[in-house]
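*Asks:* Chains as they are written, first to last, in the numbering used here: chain A, 160 to 443; chain B, 171 to 478; chain C, 11 to 349.
Be aware that one or more of the hints could be misleading.
[Stated by the list, open to error] Computed list of lysine to aspartate or glutamate pairs in EDC-like fashion (alpha-carbon distance at most 20 Å, straight line):
(1) B:Lys192 <-> C:Glu27
(2) C:Lys279 <-> C:Asp326
(3) C:Lys279 <-> C:Asp219
(4) C:Lys213 <-> C:Asp37
(5) A:Lys339 <-> B:Glu195
(6) C:Lys213 <-> C:Asp33
(7) C:Lys279 <-> C:Asp336
(8) C:Lys248 <-> C:Glu233
(9) C:Lys191 <-> C:Glu40
(10) C:Lys191 <-> C:Asp212
(11) C:Lys279 <-> C:Asp236
(12) B:Lys192 <-> C:Glu63
(13) C:Lys213 <-> C:Glu163
(14) A:Lys339 <-> C:Glu163
(15) A:Lys339 <-> C:Glu233
(16) C:Lys248 <-> C:Asp342
(17) C:Lys213 <-> C:Glu40
(18) B:Lys192 <-> A:Glu333
(19) C:Lys248 <-> C:Asp236
(20) A:Lys339 <-> C:Glu63
(21) C:Lys114 <-> C:Asp104
(22) C:Lys111 <-> C:Glu126
(23) B:Lys192 <-> C:Glu79
(24) B:Lys192 <-> C:Asp64
(25) A:Lys339 <-> C:Asp212
(26) A:Lys339 <-> C:Asp104
(27) A:Lys339 <-> C:Asp319
(28) A:Lys339 <-> B:Glu340
Just so you know, these hints were derived from the structure itself, not from any lab.
Small disclaimer: the values here were computed from a predicted structure and weren't measured.
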Amino acid sequence: MTAFLTRRRIRIINQVCWTVALCVAAIPFVFPFLWMVSSGFKSAAEIFGSPSLVPREWQWRNFIDVFNHQPFARQYFNSLYIAVIVTALTLLVSSLAGYALARMRFAGAALIALLLVTALMIPEEVTIIPNFFLMRWAGLVDTHWPLILLPTFGPQGIMATFLMRQYFLALPRELEDAGKMDGLSRLGVWWRIALPMSRPALAAVAIITFLNSWNLFLEPLIFVSSLDKFTLPLALSNFTDPYGTPLWHLQLAATSLAVVPILVVYIIAQRQIIESFALSGVKG
Amino acid sequence: MADTLPMRDTARREDAPWLTLKMREAMEAWLFISPTLAGFLIFFGGPLIAVVWYSLTEWNLLTQQATFVGLDNYNDALFRNPDFWHVVRNSVIFAVGLVPLNMALALVLALALSGRFAGVVVFRTVFFAPVVTSAVAWAIVWKFLLQGEAGFINQILALVGIDGPNWLREPNWAMAAVIVTRVIKMVGLNMILYIAALQAIPRDYGAAARLEGASGWQIFRWIVWPLLGPTTLVIMVITTIGSFKVFDHIYQMTGGGPENGTLVLAFYIYQQGFQFFDVGYASALAMIMFVIVMVLTIFQLALRRRDT
Amino acid sequence: MTSLSLSNVKKHFGRVEVIRGVDLSVDRGEFVVFVGPSGCGKSTLLRMISGLEDISSGVLRIGDRIVNEMPPARRGVAMVFQSYALYPHLNVRDNMGFGLKVRKAPADERARRVAEAARTLKLEPLLDRFPRELSGGQRQRVAIGRAIVGNPEVFLFDEPLSNLDAELRVHMRSEIASLHKRLGSTMIYVTHDQIEAMTLADKIVVLRDGLVEQVGTPRELYERPDNLFVAQFIGSPKMNILPIGSVAGALPAHPNRASHVGMRPEDLKLTDPGSGLVSGRVLLSEYTGASSLLHVELPGGEVFLVAYDGQTIDADTALALTIAPDRLHFFDATGRRAT
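Next up, chain A with everything else stripped away, as it sits in the complex (with noise of 0.2 Å):
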């Protein structure tokens, strides 16, 4: 009897138990994944049937009147080039200031990472209002203009510069004196030293800024209200009747497609950005 538990089958025993608890944990974190694939595919009629994870009837025309109910394709091709833009201009900004604050003497820096720790700390919804009215008056509504600057200059693009700027600081700085004796301007030395040897930060940059535009909301639902010009997110939201019931399985069709190239995207990198949203989260 005392035989039967030994160390090693206790290890074992406690091993499975946690592994179970663990699947059973991650139902709610899988299952509306795969729940809205499903139901993507089903018909209207049979969506609110049976609660089977396999449609009876396996409903592809739902794909195709997602891009007839509204722009869809256009749509989406919105969300990614402003992610797009919105990450290399933020890559770019934000390296050069942090590289600026971590590195470069000059009067006045203290006071500019004071001012720039507050605009970190200043939700968007604060200042939203102003900014309309700022956008308006320079005739940028409902344009993408809105939604490439605000994420870039807000708190987002701050965020990356101090995350920039603190990876810059651990970098040697005799590397970046030999570039200046081998003849590099500051932007040189930037660009061809401290750039190279910043890829994690970088990565993690653009990683986090590419999925915060592309899941961006409050700002396309303000500024932005021709349908051509939505973006995903905005689009997701406006499957619905006349009346304003949801057309369920033409939203769940169109989640699916909005959300389900972001997660295979994750799955084989899903290290490099667990890792990246570690580093902002310890960061900032």
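Place chains B and C on chain A using the hints.
*Replies:* Relative to chain A, chains B and C alone:
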């Protein structure tokens, strides 16, 4: 040695006393930082000052004229409009429900997943997946799952003989649903912060304690938990501030309803400013939100400073 | 011919003055070593010469140009860093050629110079490796190679050997010395290791608290230190110093203003108790192979160091010490040499 290297180009800038190395460095630094600084002033500094001014005015929608009304908007919020306190109450309930649940779950998951065993990466990936998903998509799917009688959750509950409520149509259930689905969406973030902190604890500590005969629970209680202190603080404040900013999730899932049961501060600002066009009042609300977040942040900085 | 000169050069960070007025002139082809305790400003001074730190006041000339406000790369200097500072994302060839590339030298010129430097330093087999694939000594050599490629007027070395183990240090030291012979360039070398300073230098500059204590050849510094600080900083084991009063009776003729007398451990000879300059008891005898280091306690309680290569002496043995009169160093009350 004949030497024609450009290094010896003595002709150019042999001496430019008007431009010292120091000035050069400062100039370059300002160039580096100017895009960020300009962006900050245009899209942040300016609007922050403007919102203070707006909050002291009343806007006439027809004439687009602003009239100075002093603290009227704040008086409205704090003393006259019962909605405001209802919204504050909702925000507090949301935060009080979300923060402890999120943190406790994050810690448990982190403890289970900080080690190395087969499948640990799969589990981490799974629990973190909702974080990278858009809040709108997440809310859409859960809204679908939580439909009244025909919703999936209620159909499952019916199988075991429970008559589930109409989740998103009853104020209290709606609030609970919003909190729980938000926790599931965001818990992965705190989980990885906890995992990072756990992995930073030297293994020797646990080994030493084990040699002295400490049990697993004792090791956690007396060694791990105190060492996690700073992380816990940071997570707590970040999560609390985050909970005050939640907008897209609620917009999509309940639209603030039912009966304003899930109307929280960020949503209220949007509603007043962009649906009812009451710019003055919405600006006053924004200022109040600013103060709340500021206080929380300063509180966090003070705690962090005390720690280090 | 003067290669480089400093006149009344100062540096302050905020209100703290770290270099407090340095004058120095370096001849073409000279090997100059800056030495001093940590925090004396020797590295800062080197970085000011390189242009990596700006000069608060004073004049720095390289060749016949005033270069105070000239960017580092235009000064005609090259630097070898303590951490080697090799670009991790470039291989050895590209590391060495980087400076030429930045200055837009033609590719064939670049290849030729890199090849030449690689031959000089026997780096040819390593040219395609990355820094992380090199040993410490190899990295050091590449760092020197990078400096050579630019064919600078002045080489600057910032404690280049301090990250190497003892054996490699001795080896690299001799390589640097022979490199200097071969190239004949001006070299300025910072170290806190006085053996390195003594073996490499044509001229040593001893720095303390941002001021020059003495400039001279190794022999001058060792044999005629200008002051107490230099006397004790140069030489190992360090010079014994006694107040003149405690040995006055036995001393030969000496300057009136002398208040301290210094004796190097290696100049002292053992003699019979009762005679000699000072006497005491052996506290400890450290055998180091070639010789022993005796710690001798004087009646006044001071401990004297004596280098001794005779037979083993037991602790507590009473003995007396003597020294050739021309081996005595006298210092006045302010610490300056008094002869």
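*Asks:* Against this structure, judge whether each hint is valid.
*Replies:* Results of checking the hints against the structure:
Restraint check for B:Lys192 and C:Glu27: the C-alpha separation of about 17 Å stays at or below 20 Å, so the hint holds. Distance hint between C:Lys279 and C:Asp326 is fulfilled; the C-alpha atoms sit about 18 Å from each other, no more than 20 Å. Using a Cα cut-off of 20 Å, the hinted pair C:Lys279 and C:Asp219 is violated, with the two alpha carbons roughly 35 Å apart. Restraint check: the Cα-Cα separation between C:Lys213 and C:Asp37 comes to about 10 Å, which is no more than 20 Å; the hinted pair holds.
Taking the CA atoms of A:Lys339 and B:Glu195, the gap is near 12 Å; set against the 20 Å cutoff, the hint holds. At most 20 Å may separate the alpha-carbon atoms for a hinted pair to count; C:Lys213 and C:Asp33 meet this at roughly 14 Å. For the given pair, C:Lys279 sits about 14 Å from C:Asp336 by alpha-carbon distance, which is consistent with the 20 Å threshold. Distance hint between C:Lys248 and C:Glu233 is fulfilled; the C-alpha atoms sit about 13 Å from each other, no more than 20 Å.
The straight-line distance between the Cα atoms of C:Lys191 and C:Glu40 is roughly 10 Å, inside the 20 Å bound, and the hint therefore holds. Between C:Lys191 and C:Asp212 the CA atoms are separated by roughly 11 Å; this keeps the pair inside 20 Å, and the hint holds. Only pairs whose Cα atoms come within 20 Å are accepted, and C:Lys279 paired with C:Asp236 is rejected, the gap being roughly 24 Å. Proposed proximity of B:Lys192 and C:Glu63 is supported: the alpha carbons are some 9 Å apart, at most 20 Å.
Taking the CA atoms of C:Lys213 and C:Glu163, the gap is about 18 Å. The hint holds against a cut of 20 Å. With a C-alpha separation of about 17 Å, the suggested pairing of A:Lys339 with C:Glu163 holds against the 20 Å cut-off. At roughly 41 Å between alpha-carbon atoms, A:Lys339 and C:Glu233 are farther apart than 20 Å, so this suggested pair is violated. For the suggested pair C:Lys248 and C:Asp342, the alpha carbons sit about 19 Å apart, so the restraint of at most 20 Å is met.
Between C:Lys213 and C:Glu40 the alpha-carbon distance is near 8 Å, which keeps this suggested pair within the 20 Å criterion. For the suggested pair B:Lys192 and A:Glu333, the alpha carbons sit about 19 Å apart, so the restraint of at most 20 Å is met. At most 20 Å may separate the alpha-carbon atoms for a hinted pair to count; C:Lys248 and C:Asp236 meet this at roughly 15 Å. For the proposed pair A:Lys339 and C:Glu63, the alpha carbon gap of about 11 Å is at most 20 Å, so the pair holds.
The suggested pairing of C:Lys114 with C:Asp104 holds, with an alpha-carbon distance near 14 Å, which does not exceed 20 Å. For the hint pairing C:Lys111 with C:Glu126, the CA-to-CA distance comes to about 16 Å; that is within 20 Å, so the pair holds. The hinted pair formed by B:Lys192 and C:Glu79 meets the criterion: a straight-line CA distance of about 8 Å does not exceed 20 Å. Straight-line distance between C-alpha atoms of B:Lys192 and C:Asp64 comes to about 7 Å, which keeps the hinted pair within the 20 Å bound.
With a C-alpha separation of about 29 Å, the suggested pairing of A:Lys339 with C:Asp212 is violated against the 20 Å cut-off. For the given pair, A:Lys339 sits about 16 Å from C:Asp104 by alpha-carbon distance, which is consistent with the 20 Å threshold. A distance of roughly 52 Å separates the Cα atoms of A:Lys339 and C:Asp319; the hinted pair therefore is violated under the 20 Å criterion. The suggested pairing of A:Lys339 with B:Glu340 is violated, with an alpha-carbon distance near 67 Å, which exceeds 20 Å.
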